[in-house]
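In order, the protein sequence lines correspond to chains A and B.
The working numbering puts the first sequence at residues 1 to 115.
The working numbering puts the second sequence at residues 1 to 113.
To be clear, the hints were calculated from the coordinates, so they are not data collected in a lab.
Errors might be hidden in some of the hints.
Derived DSS-like pairs (lysine-lysine); straight-line CA-CA distance at most 25 Å [to be verified]:
no., chain 1, residue 1, chain 2, residue 2
1, A, K41, B, K42
2, A, K103, B, K42
3, A, K52, A, K103
The structure displayed is predicted, hence computed values, not measured ones.
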Amino acid sequence: ETGVTQTPRHLVMGMTNKKSLKCEQHLGHNAMYWYKQSAKKPLELMFVYNFKEQTENNSVPSRFSPECPNSSHLFLHLHTLQPEDSALYLCASSRGTGGTNEKLFFGSGTQLSVL
Amino acid sequence: QQQVKQSPQSLIVQKGGISIINCAYENTAFDYFPWYQQFPGKGPALLIAIRPDVSEKKEGRFTISFNKSAKQFSLHIMDSQPGDSATYFCAASLADSSYKLIFGSGTRLLVRP
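If we strip away everything but chain A, and leave its shape as in the complex, we get (with noise of 0.2 Å):
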C-alpha cells in the first residue's frame, strides 16, 4: 500500500447528484493533490494543497469543490457534474511542493461514472 487511501473506489452519479470524493493520507506529508485520469490522456493536475491551503486550482469548473480540513484529509465535493467529468480521479500526496525531485505518492482513485 501506497499509504493514500481513497473511498469510494467506485461511484455512479446522476447529473443532478451531490456526493463526495475522500482522501487520507498516512505518511505524514503536507502537500495533497487532485488528479484526473481519462483514457490515453495524460493525467491532468486538478488542486494542490500544501500545510492546508490551495496552491493551485487549474481552472477546474466550479462542479468540482476541494476541500481541504488538515494535512491528512482532502475532499473532492461533486455536484452537477457531466457525463464527460466521467473518470478515474486520483489523489496523491508528497512530502512538500518546495523541494526538488518531489515523490507524490498516489491513492488507487475513485472510478467516476456520470450518468
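Given the coordinates of chain A, work out where chain B should sit on it, guided by the hints.
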C-alpha cells in the same frame, strides 16, 4: 511548450525481451524527469527518475536514457517479465516546481509469457 509527448501508445513484448518507451519535450527549462508505473486498479507509483546532468540512470532492469540536445528521454526495461505489464507514464517538471508534473499520455505494456 508544456507538453510531454509519449510513444508508443501500446507495446507488446515477449518475455525476456527489451521494452522501450520514448518521450519528448519542448520546454528546455524542465529539469526533473520521472517515470511512473501504474498497474490496473492502482494509482501510479514512481519507478525511476533522472535529472538532465546525467545521460543515463539504471536501477535493476530499468534504465532511463536522456538526450538533452534532442530533448528526448526513454525508459528501457531489460529482460521484460509478465509482471512488468502495466501502464507507464513519463513526466517532466521545472526546477522550482518539481511537484507540478506534466505527464505523458501513457504506454500500455503487455509482456507475453
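Against the structure shown, which of the earlier numbered hints fail to hold, in ascending order?
none
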